[in-house]
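For this one, chain A is given, so just place chain B on it according to the hints.
First to last, the protein sequences are chains A and B.
If you read the first sequence in the working numbering, its first letter stands for residue 1, the second for the next number, and so on.
If you read the second sequence in the working numbering, its first letter stands for residue 1, the second for the next number, and so on.
By construction, these hints were calculated from the structure, which means they are not laboratory data.
Identical copies go unnamed one by one, so any copy, or any two together, can satisfy a pair.
Below, simulated BS3-like cross-link-like pairs (lysine-lysine); rule was C-alpha separation at most 25 angstroms, straight line:
hint	residue 1	residue 2
1	223	103
2	3	103
3	258	103
4	295	153
5	3	257
6	257	297
Just so we're clear, the structure is a prediction, and the values are computed from it rather than from any experiment.
2 protein chains.
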Amino acid sequence: MRKVCISGVGITKFGELWSRSYRELIVEAGLRALEDAELPGESIECLYMASMGPGMWVSQEHAGPMIAEQTGLTSIPVVRVESGCASGALALHQAFIDVASGKHDIVVVGGVEKMTDVGAKEAGSIINTMLDYEWESIFGATLPALYAMMARKHMHDYGTTREQMAEVAVKNHYNGSLNPIAHFGRKISVDQVLSSPLLADPLRMLDCAPMSDGSAALVLTSKGDVEIIACEMASSTLALHSREDITTMDCVVGSSKKAYKRAGINPSDVDIAELHDYCTIGEIIESEDLGFFEKGKGGKKVAEGVTSLNGSLPINTSGGLKSRGHPIGATGVAQVAEIYDQLIGRAGERQIELLDYGLCCGVGGSGGSAVVSIFRRR
Amino acid sequence: MRKVCISGVGITKFGELWSRSYRELIVEAGLRALEDAELPGESIECLYMASMGPGMWVSQEHAGPMIAEQTGLTSIPVVRVESGCASGALALHQAFIDVASGKHDIVVVGGVEKMTDVGAKEAGSIINTMLDYEWESIFGATLPALYAMMARKHMHDYGTTREQMAEVAVKNHYNGSLNPIAHFGRKISVDQVLSSPLLADPLRMLDCAPMSDGSAALVLTSKGDVEIIACEMASSTLALHSREDITTMDCVVGSSKKAYKRAGINPSDVDIAELHDYCTIGEIIESEDLGFFEKGKGGKKVAEGVTSLNGSLPINTSGGLKSRGHPIGATGVAQVAEIYDQLIGRAGERQIELLDYGLCCGVGGSGGSAVVSIFRRR
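Looking at chain A on its own, in the form it has when it is part of the complex (with noise of 0.2 angstroms):
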């Protein structure tokens, strides 16, 4: 299997973007992805695209065609993926085996989704689509409540506080208020996550991601700036009563496995890494699953600033889901762009300096999936 690199990368404004429309969001971040990587659309052969549930949050299933229409890239496959809050780190994944078998030169990765479309009721019932219909979501579980159980035991096996969760928060929105794409561009305080209303205990509001508009792609080809050296994927169960221990994600701990093994690198090589902090409990639960640090000691890094951005493994310098936003099948694919730009070091205020290694991990619901990608300055 071939090298396969990131020549290119795009990214619209995350937030509640009433007047842009789905397909308006991901036409803009893939034609920004090409005049990045300074190619025309005719030299696209093959389209990925992300995108958790689009017909139920805009009445849009088959979205790949109308994306092909819409860019002019009639005729060319486009194959949508689909794994939940883990679907944009999965159309990486396929792309990166495409372009790897030499099956297609020039492939884009787009991921999109539109929240803000449908009220708050009916967004829940959505969200709820990613758990266990038939052991979870039909009783009333919601992803934070699942998350809060998780928080809840990995505090009490591990003493982790609910100040430093709310670290996680703190830190990632101080990030993101230096990102001009980030849904959320202001700071927040401990206090003000402590302070914020209960959604699932010991989660607060501030705890979680948003719902969020917006899209974000990618040009791989066989050469470019950046080198993806891994993009390794596996799963846990769905359900979270089926796991051994439910303060580790299964998924985060195989995959990250297979890709450094693969890369041939150890967690401590990683430089700068980008988590899927859907809840603050899931950066601290992927840092550790990772093996960036000892289980247990998730929390205590971020509280002694390990993870910030002068600490010496910033995690989530985009402002992660919290701040820079979810829009669900974009999200994977925007922690891939901001480690490229700050591997490729234009990531202005946010820029890290001296990086060799950059990690993504995406993942799905309440760790039923997950893709973990290492990527290298080339």
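For chain B alone, kept in the frame of chain A given last:
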């Protein structure tokens, strides 16, 4: 890229399976495929699955990890793809690239849909999500209505008759009467088609595929009884009004041209084919766009018996979508299962003799996307 073969297939009964759940169906098909391939579950390295809109049909997106869990394959990657009615064919397309690339050696392709848990009105609106929402379905267009326009234009331009379209349904029901898993295992007559309720003039109820529950699965390896010598995808515009000619599906023309080139064969080399007869006119248009017959002659060939079981190019020996049934995500996989059974000589009363090459054509919606695959007995 290395060879990709099919070493086993599995399929459930298709029909209104009110006592069977979504997860039961896909597990049954998957286990049957593994038994057929004589492989233990532990050998499976990756699962590709197709489902059109499970969040809308059964409140279950992110179904990949659920299926992995139910089949005891937790930890492997599970990739869900969607391209409207071509979803199953797209799953094969992605699995083909995967095995061809050397990424995985043993991969399962599964397709499933559970469509009868919702009422008729809701089902209609779910199927409508495969149309262009902003340009078609919002104005009241339905999928049969779009096919009706294609049929009317085909009749106008080429003299295709109402009776010729009915002959497609009659042929496919005859074939389905010989297929134990078919949704409708009964023969029908041209008169019955022509006197069935009008759906969208000139198409009647017996011109259109039913809503079915069911699942099908394949095991792909680099060795096996049947080789996949080509698997190619292309797209057309999603919206019908954007096409230069609505009697042709550019995606079928484009994907089949690529497939013939890759396989090194001509349309006349194909001995048997499974086409996407969502409406009877669909099978006629595809049989022309695939190069089997001159443009405009497809209807005449059906009426002459050329595509019947004892004709020179049998089409839809399984009964097709019309009679075997159309659980959307399963359809593209079920087509391949039929060609596999035919090529290895175990298609029972439907068996065709002296087969070299088989072809499957999956079409999304009204022809927005298509995947064409070509198979050869090894």
